[in-house]
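Heads up: the sequence shown begins at 1 in the working numbering, then just goes up one per residue.
FYI, nobody ran anything at the bench for these hints, they're computed from the structure.
Treat each hint with caution, since some may be false.
As the list claims (entries may be wrong) - The calculated DSS-like cross-link candidates involving lysine-lysine, where the alpha carbons are at most 25 Å apart (straight line), are:
| hint | residue 1 | residue 2 |
| --- | --- | --- |
| 1 | Lys413 | Lys260 |
| 2 | Lys260 | Lys305 |
| 3 | Lys305 | Lys293 |
| 4 | Lys293 | Lys260 |
| 5 | Lys293 | Lys501 |
| 6 | Lys293 | Lys255 |
| 7 | Lys305 | Lys371 |
| 8 | Lys490 | Lys305 |
| 9 | Lys490 | Lys501 |
| 10 | Lys501 | Lys255 |
| 11 | Lys413 | Lys371 |
Stated by the list, open to error - Here are the simulated distance ranges between beta carbons:
| hint | residue 1 | residue 2 | range |
| --- | --- | --- | --- |
| 12 | Thr156 | His259 | 51 to 61 Å |
| 13 | Arg254 | Pro311 | 13 to 23 Å |
| 14 | Asn372 | Asp304 | 35 to 45 Å |
| 15 | Pro311 | Gly432 | 42 to 52 Å |
| 16 | Asn301 | Arg169 | 58 to 68 Å |
| 17 | Arg160 | His250 | 25 to 35 Å |
Ideal Cβ positions, reconstructed from N, Cα and C, are used throughout, including at glycine.
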Amino acid sequence: MHHLTKGLLQKRDPLSRVIISSMSEYHLYTGTAAAEIDRKAINDFDIPAYQLMSLAGVKAFEYLAENLAQRASAPRILVLCGTGNNGGDGYVLAQRALNSGWRVDLVAEREPRSAEAVRARQSFLEAGGQIEPFGSVDANTNYDAIIDALLGIGLTSPPRAPLADVIKRVNQMSGFKLALDVPSGIDADTGNAFVPTFMATATITFIVDKFALHTGAACNFVGDVRWESLEVSDEIVQSVPHHATRIEPHWRERKADSHKGSYGHCLIAGASDGMLGAGLLAGEASLRAGAGKTTLLTTSNNLDKPALYHPELMSAAFSEGVPETLNAVQAVAVGPGMGLNAWAERLLESCIALAKPMVVDADALTLLAGKNIALPEQTILTPHPGEAASLLAATTPEIQQNRAQAALSIAKKYQVICVLKGAGTLVATPQGELSLCDRGNPAMATAGMGDVLTGIVVALLAQGYAAIQAAQTAVWWHASVADFLVGPGKQSSLLASDVAKGLSLTPIK
Numbered sequence: 001m002h003h004l005t006k007g008l009l010q011k012r013d014p015l016s017r018v019i020i021s022s023m024s025e026y027h028l029y030t031g032t033a034a035a036e037i038d039r040k041a042i043n044d045f046d047i048p049a050y051q052l053m054s055l056a057g058v059k060a061f062e063y064l065a066e067n068l069a070q071r072a073s074a075p076r077i078l079v080l081c082g083t084g085n086n087g088g089d090g091y092v093l094a095q096r097a098l099n100s101g102w103r104v105d106l107v108a109e110r111e112p113r114s115a116e117a118v119r120a121r122q123s124f125l126e127a128g129g130q131i132e133p134f135g136s137v138d139a140n141t142n143y144d145a146i147i148d149a150l151l152g153i154g155l156t157s158p159p160r161a162p163l164a165d166v167i168k169r170v171n172q173m174s175g176f177k178l179a180l181d182v183p184s185g186i187d188a189d190t191g192n193a194f195v196p197t198f199m200a201t202a203t204i205t206f207i208v209d210k211f212a213l214h215t216g217a218a219c220n221f222v223g224d225v226r227w228e229s230l231e232v233s234d235e236i237v238q239s240v241p242h243h244a245t246r247i248e249p250h251w252r253e254r255k256a257d258s259h260k261g262s263y264g265h266c267l268i269a270g271a272s273d274g275m276l277g278a279g280l281l282a283g284e285a286s287l288r289a290g291a292g293k294t295t296l297l298t299t300s301n302n303l304d305k306p307a308l309y310h311p312e313l314m315s316a317a318f319s320e321g322v323p324e325t326l327n328a329v330q331a332v333a334v335g336p337g338m339g340l341n342a343w344a345e346r347l348l349e350s351c352i353a354l355a356k357p358m359v360v361d362a363d364a365l366t367l368l369a370g371k372n373i374a375l376p377e378q379t380i381l382t383p384h385p386g387e388a389a390s391l392l393a394a395t396t397p398e399i400q401q402n403r404a405q406a407a408l409s410i411a412k413k414y415q416v417i418c419v420l421k422g423a424g425t426l427v428a429t430p431q432g433e434l435s436l437c438d439r440g441n442p443a444m445a446t447a448g449m450g451d452v453l454t455g456i457v458v459a460l461l462a463q464g465y466a467a468i469q470a471a472q473t474a475v476w477w478h479a480s481v482a483d484f485l486v487g488p489g490k491q492s493s494l495l496a497s498d499v500a501k502g503l504s505l506t507p508i509k
C-alpha cells in the first residue's frame with residue numbers, strides 16, 4: 001500500500017511499496033528527462049553540481065551501510081567507477097567508506113570527464129584511496145558489497161569492453177550489489193536491458209524515480225529500488241514533463257440502498273469447447289469484483305456447465321448471434337477461451353456490434369489484429385507482449401525493448417485504452433497518457449491470470465467506471481491481491497483462481 005511519509009521508494013514489497021510525500025513522487029521519468037531536470041537544477045536554479053554529486057554519494061553510502069550493518073563491522077567493498085558523473089557518485093561513496101574504516105577496492109580505467117567527478121576522484125585519493133584497472137578485479141575475492149557506478153542514465157547501446165567484461169565478472173560474484181541511479185546495461189528511457197547488465201541487489205536512484213526501473217526486462221536486474229530526491233524541489237522536478245504516473249485505484253462506494261441491478265450485468269464471451277476454464281475464471285472474477293450479474297456466452301456443449309462450478313454464473317449459447325435477451329448488458333468481455341475458428345470470429349463480430357463498453361483479450365486480440373474494425377467507445381485491449389506484437393505487426397522482443405512505445409502505439413492505432421501486461425503493467429490512452437503498476441510478482445506468471453484480470457475489468461465497466469478508471473483500478477487490484485497472497489517461498493504456487501477468490505477475501509484498499 002502507499003504510505004504518505006517523506007523520503008524514499010522501496011522495492012516491490014507485497015504490502016508496502018511506495019513511500020510518497022508529494023504529487024511529483026507519483027511521477028516516473030525517463031533518463032532523458034532526468035538529465036534535463038539535473039541541468040535545470042544546476043543552470044536555472046543555481047544548485048552546485050558538486051553538491052548534488054556529494055549528496056548522491058553520501059545517500060548511497062548511508063543506504064549501503066544500512067544493508068551491511070548485520071554483515072560485517074568493517075566491510076570490504078568493491079566500487080566500479082565510470083568516466084561520467086555516475087562515477088563521481090561512486091568516488092564520493094568510496095571516500096565516505098574509507099573515512100568510516102571500511103576496506104575499499106576501487107577500479108576505473110580512465111579519469112572522469114566532468115570537473116565535479118575529477119574533484120570527487122581527487123578527494124578519494126587524498127583520503128588514502130587507490131585506483132586499480134578493471135582487469136584487477138578477481139572473481140575469487142570475497143566482497144561484502146559491490147557498487148556499480150559505471151554508466152548511469154545515458155546508455156542507449158550494449159556496454160562495450162572493458163566495461164562489459166567487468167560487469168560479467170562481478171555478476172558471477174557474491175555479496176550485496178548496489179547500483180547507483182540505474183544498473184549499468186539498462187536503457188533509462190525504455191527499461192530495455194542490454195547484455196550484459198549489472199545484476200543489482202538494490203538500486204538507489206536520484207532526484208526523480210526512473211520509469212525504466214519498474215517495467216520489462218529491467219525488473220530482473222534492479223532489485224530493491226530506493227529513491228532519493230537529493231533535496232531537489234518539486235518546482236524544479238515538475239518543470240520537466242513526466243513520462244508516466246504510478247497507478248492508483250479509483251474506488252466507488254456501494255450504497256446501502258442498492259440491489260444487483262445497481263451494479264451492472266456483464267457478458268463474458270468465449271469458453272469454447274475444451275476451454276471452459278478460462279470463462280469460469282473470468283466469470284468468477286467479475287462477480288467477486290462486484291458485478292451484479294454475469295452471463296457466460298459459450299458453446300451449446302457448455303451451456304449450463306458454468307453453474308456447476310459457480311451457481312451464481314448464468315450462461316447462454318452462441319450460434320449466429322447474441323441472444324436478444326442479452327442486448328441490455330452493461331459491459332462485454334470477449335476472448336477468454338474463445339479459440340480462433342469461424343465460431344470465434346462470428347462471436348467477436350457480434351460482441352462488437354453490441355456497441356457496449358468492452359474488454360478484448362486473449363484469442364479475440366489475435367482475431368482483431370490486422371483488421372480495420374471500429375471498436376465501441378470505452379473499449380479496453382489487454383494484450384500480453386506476444387499479443388501486442390500481433391496487434392502492431394511486430395515481434396515480441398521489439399515490444400519488450402520499448403514497452404511504453406508499444407502500449408501507446410496500440411492505444412492510438414485502435415483508439416482504445418491499452419493494458420500491456422507483464423512486469424510493470426502499463427495502461428495507455430489514445431491521447432498519449434501512460435500509467436504504470438508497480439505492484440505484482442513473478443508468482444502471477446501462471447495460466448488463467450489474464451482471464452481473472454479481464455473479469456475484473458468488465459465488472460468495473462458494468463458498474464459504470466470509465467474505461468481508463470476501470471483499467472487502472474483492475475490492474476492495481478489484480479496485482480495487489482496477488483502480492484497479498486504471496487508469502488516467502490511461495491512465488492511458484494499462486495493459482496489464477498486464488499487471485500479470483502482473493503478479490504473478495506483479502507483486505508486491499
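- Structure versus earlier hints, numbers of those that do not hold, lowest first: 1, 7, 8 and 17
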